[in-house]
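Participant: Using the sequences plus the hints, can you model the full thing?
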Amino acid sequence: MAEVKLRNVKKQYDNGFVAVHDFNLEIKDKEFIVLVGPSGCGKSTTLRMIAGLEDISGGEIMIGENVVNDMEPKDRDIAMVFQNYALYPHMSVYENIAFGLRLRRLPNDEIHKKVCEAAEILGITELLGRKPKQLSGGQRQRVAIGRAIVRVPKVFLMDEPLSNLDAKLRNQMRAEIILLRRKIQTTFVYVTHDQTEAMTLGDRIVIMKDGYVMQVGTPQELFNHPANLFVAGFIGTPQMNFFDAKLIKNGSKYTVNVRGAEIEVPDYICEKLNARSSVPENVILGARPENLLIRPAGSKNTIKARMKVTEMMGSEMHIHADCGMDKDVILRVQTADLDEEAQVELMARKDFEFSIRQRTINLFDPDDGRNLAVENAVPVPKKAETAVNTDEFDKKKKKDKKKKS
Amino acid sequence: MSENKKYRSKSGRERLTRTIIYIFLTLLCVIWLIPFVYLIFQAFRGESTSMVTYIIPKQWTFDNFIFLFTKTNFGHWYLNTFIIALFNAVLQTVIVLCVAYALSRMRFKGRKFLMNLMLVLGMFPGFLSMIATYFILKLFGLTSENAVPGLILVYAASSGMGYYIAKGFFDTIPKSLDEAARIDGASRARVFFRIIMPMAKPIIIYTIMMAFIAPWGDFMYASLITFGHEEAYNVAVGLYKWLDKEHISNYFTIFCAGGLLVSIPITALFMSLQKYYVEGVTGGAVKG
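Line by line, the protein sequences give chains A and B.
According to my numbering, the first sequence is numbered sequentially starting from 1.
According to my numbering, the second sequence is numbered sequentially starting from 1.
Everything labelled a hint here was simulated from the structure, so no lab data went into it.
You may find that some hints are simply not true.
[To be verified] Below, computed lysine-lysine pairings styled on DSS-like, alpha-carbon distance capped at 30 angstroms:
hint, chain 1, residue 1, chain 2, residue 2
1, A, K183, A, K131
2, A, K308, A, K272
3, B, K109, A, K114
4, B, K175, A, K74
5, A, K131, B, K201
6, A, K74, B, K112
7, B, K201, A, K74
8, A, K131, B, K109
9, B, K112, A, K10
10, B, K175, A, K5
11, B, K109, A, K74
12, A, K131, B, K112
13, A, K154, B, K109
14, B, K175, A, K168
15, A, K133, B, K109
16, B, K109, A, K10
17, B, K201, A, K133
18, A, K10, B, K201
19, A, K10, A, K30
20, B, K275, A, K133
[As the list claims (entries may be wrong)] Pairwise CB distance ranges, derived in the manner of DEER restraints:
hint, chain 1, residue 1, chain 2, residue 2, range
21, B, T172, A, T237, 33 to 39 angstroms
22, B, G110, A, N24, 55 to 61 angstroms
23, A, R130, B, K138, 58 to 64 angstroms
24, A, G16, B, M130, 41 to 47 angstroms
25, A, G16, B, Y240, 45 to 51 angstroms
The C-beta atom is built at its ideal place from N, Cα and C for all residues, glycine as well.
Facilitator: Here is the structure:
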C-alpha cells in the first residue's frame, strides 16, 4: 500500500543499448497499472527496475516516501510473480509460501496462520503438502501468487504471469486476479504483451515502444483517443483502419475528405484544431473496424470497396476489403444484426460501399503520427533510429551468445 | 511364407552381429580386468614376495596385509592420504561451487576475462609450476615433514579453476529462482545455501568425488613436496618406492596388497555415488 513514483528513469546496458528512455509515471496508492507493449519495448526492464533486480542508469524511483534506487530488493517491501512461476522445486507448497515469512523470523504459529489464509484466498489449501512438480500450470501460478500476497507487500509486481497458461486457463486466472485485487487492496504493477489483459485488468495502462512511453491512460482513453498511430494500431483487434484524408476548413468547422467521402469532424476535435497554431492539410484518419458501416449502393458519402476475404467468427464477421489503398480495410459486422439470408448474401457480394461512423474518427498527423486532438501526445519513435539500435543490440547479443557457447 | 523367411534371415543376421559384439565386449572386459584380478591374487600370495609369471597363487595368506601394517609405514601413508583427500574434498567443493555460482549469476567487470584466463591457465600442465610451488611452500615450512598441510594447500588453492562443469550446471537453474528468493528477503549467500544448494545435489556430489579422488592418486606433487621424508608420503609415493630395483623382489606382493587397500575407498565411493556422477556430468548438457 504505497505510491510508486518513477522520475526520468533510464536504463542503459553496458553495450550502450538504451532499454528505457526517460520514464515518468506516478502510480497512485492501490492503483492497478499495466505496462504493455510489443516484446523488447522495455516493459519488463521497467518492472525489474522497480523490483531492484536491475540497476537504474539514471533518474529516481520512489516507493512510498523512500527513494529506492540503491536499495536491495528485499528491503523494498515488494512482491513479484514471475512468468515461469519460479517456485522453489525442493520445497512443498507450504514452505514455498512460508519462505519469505521465515526469513523475516516470524513466529511459527503466525506463519502457519498467514500461509493458511493466503492458501484459502487462492483455493489451494489441499495442495499445501505437495511439491511444485506435482502441480498443474494454473495451480503453480496460484502458489506463486500466494507466495507474493502472504507478506502483504506495499507493491505487487507481476511479470507476464499468465503467458505460460493455455488460453482457457488464462481467461479464468485473469478473472481471479480481478477478484484477488478486490480482496487485497494494494498497488499493482502488471506487465503483459496481451492487450486483452491490459484492457481488462488495468485502472491505467502504460503503452511502451522501444523504451519510450507512448501513452498513459485509462483503457477507455486509450481505445477511444489513442495518442498516436502506434497506440491506435496496438490496441484493438482487428487493428484500426487508417485512411489518407484531406482536412478542409469550413469557418470554425472542419470536414475531412476520404476517398471522395466527406465526413464532418466531431466538435471536440474541431475545438482542438482551432486551438492549434497550424493545422496540417493532409491527415491520417483512423476508424476502428466496427465503425465502418455497410451502406446500400448509391448512398451519399460512401467509399467503394471490393470484397477480398470474409471471416465468419460466429458472433461477428470480419470483412477484408480492397478500396484502392496499400492496405486492406477491415470491417467488423455483428452477425446478430443480420438474418441468415442477409449474412449469406453479404458473404457472396463482390462490391459494396461503406461509410465511416462520424463521431468515432481520430485524426493523426502524418509526419509524426500524433493524434491531433490529444494534448501532449508523444510522437511515434522514428523507425530508422530504433531499428538500427535494436539491430546492433541483437548482433551484440548473438556475439555474446557465440562467445559463451 | 517368403516374408517370414526374410524376417527369419534378418533376425539371424542380427543375432550374429550381436554375438560378435558381445564377444568383442567380453574380450575387452577381460583385458581390462586382468591387471585387477592379477593384483588381487598377488596380494594373497604366500609362497614368495617377488614377481612371478603365473597368476593363481599356490599358497593363500593374509601375511602381506599384516606385514603392511606392522613392519612398514603404510598405515601412516594411508592416514596422510585420507586426511589430505578429506580436507581437499571439503575445501575444494566449497571453493568450486562458490566460484561457479558467482560466475554463473553475478555480472561484474572482467568476468569474461577471468573465465577465459582460468580456462587457458587450466590447459597448462600443473607440473610447470611445480618448482615455484615447492619454494613457496618451503618458505612457509610446509614441505617434508609438514607436507600434509602443504599438499592440502596446493590442491585446494588451484581448485577454483575447475569451475566450468559446476557453472554449466548452475546455468541451467533459472535465474528467476534467485530473483524470487531475493525479493522474498534472502541475501545472496542465503539464496545460494537455501535455494540453489538443495537443487544442485548431483553437482555437489560430483565435485566432492572429484576433489576426493584427485589427491588420493596424486603422485607428482606428493613426491616433490614430501621430498624423501617417508613419514609424510601418501600412498602413491610410498607404494611406488617398493617398485625400485632393490625393493621389488622383497615387496612385490606387499605392494599388491597395498594397492588393493588403496582401491577400496575409491571404488566404494564411486559405486555408491555413480548415479549422481552421471547426472552431474551430463546435467548441464542435457538440460541446456
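Participant: Indicate, hint by hint, whether the structure satisfies it.
Facilitator: Verification of the supplied hints:
For a cut-off of 30 angstroms, the pair hint linking A/K183 to A/K131 stands: about 27 angstroms separates their Cα positions. A threshold of 30 angstroms between alpha carbons decides the hint, and for A/K308 with A/K272 the separation of about 37 angstroms lies outside it, so the pair is violated. Restraint check for B/K109 and A/K114: the C-alpha separation of about 42 angstroms exceeds 30 angstroms, so the hint is violated. The hinted pair formed by B/K175 and A/K74 meets the criterion: a straight-line CA distance of about 16 angstroms does not exceed 30 angstroms.
Only pairs whose Cα atoms come within 30 angstroms are accepted, and A/K131 paired with B/K201 is accepted, the gap being roughly 17 angstroms. Taking the CA atoms of A/K74 and B/K112, the gap is about 28 angstroms. The hint holds against a cut of 30 angstroms. Of the supplied pair hints, the one linking B/K201 and A/K74 holds, its CA atoms being roughly 27 angstroms apart against a limit of 30 angstroms. About 38 angstroms separates the Cα atoms of A/K131 and B/K109, which puts this hinted pair outside 30 angstroms; it is violated.
The straight-line distance between the Cα atoms of B/K112 and A/K10 is roughly 26 angstroms, inside the 30 angstroms bound, and the hint therefore holds. Proposed proximity of B/K175 and A/K5 is supported: the alpha carbons are some 27 angstroms apart, at most 30 angstroms. As the CA atoms of B/K109 and A/K74 are separated by approximately 24 angstroms, the hinted pair is consistent with the 30 angstroms bound. Between A/K131 and B/K112 the alpha-carbon distance is near 37 angstroms, which puts this suggested pair outside the 30 angstroms criterion.
Restraint check for A/K154 and B/K109: the C-alpha separation of about 34 angstroms exceeds 30 angstroms, so the hint is violated. The straight-line distance between the Cα atoms of B/K175 and A/K168 is roughly 28 angstroms, inside the 30 angstroms bound, and the hint therefore holds. The hinted pair formed by A/K133 and B/K109 fails the criterion: a straight-line CA distance of about 37 angstroms is larger than 30 angstroms. Under the criterion of a C-alpha separation no larger than 30 angstroms, the hint pairing B/K109 with A/K10 is consistent with the structure, at around 21 angstroms.
Taking the CA atoms of B/K201 and A/K133, the gap is near 17 angstroms; set against the 30 angstroms cutoff, the hint holds. Restraint check: the Cα-Cα separation between A/K10 and B/K201 comes to about 40 angstroms, which exceeds 30 angstroms; the hinted pair is violated. Note on A/K10 and A/K30: the hinted pairing holds, with a Cα-Cα distance of about 25 angstroms set against a maximum of 30 angstroms. Proximity of B/K275 to A/K133 is assessed by CA-CA distance (about 21 angstroms); at most 30 angstroms being required, the pair is judged to hold.
Under the hint 33 to 39 angstroms, the C-beta atoms of B/T172 and A/T237, about 37 angstroms apart, fit the expected range. Against the hinted window of 55 to 61 angstroms, the Cβ-Cβ separation of B/G110 and A/N24 comes to about 35 angstroms, which falls outside the hint. One distance hint, 58 to 64 angstroms for the beta-carbon pair A/R130 and B/K138, holds here, with the actual separation near 59 angstroms. Look at A/G16 against B/M130: about 46 angstroms separates their beta carbons, and that is inside 41 to 47 angstroms.
For the hinted restraint 45 to 51 angstroms between A/G16 and B/Y240, the CB-CB distance of approximately 59 angstroms leaves it violated.
Taken one by one, the earlier hints fail for this structure at numbers 2, 3, 8, 12, 13, 15, 18, 22 and 25, listed in ascending order.
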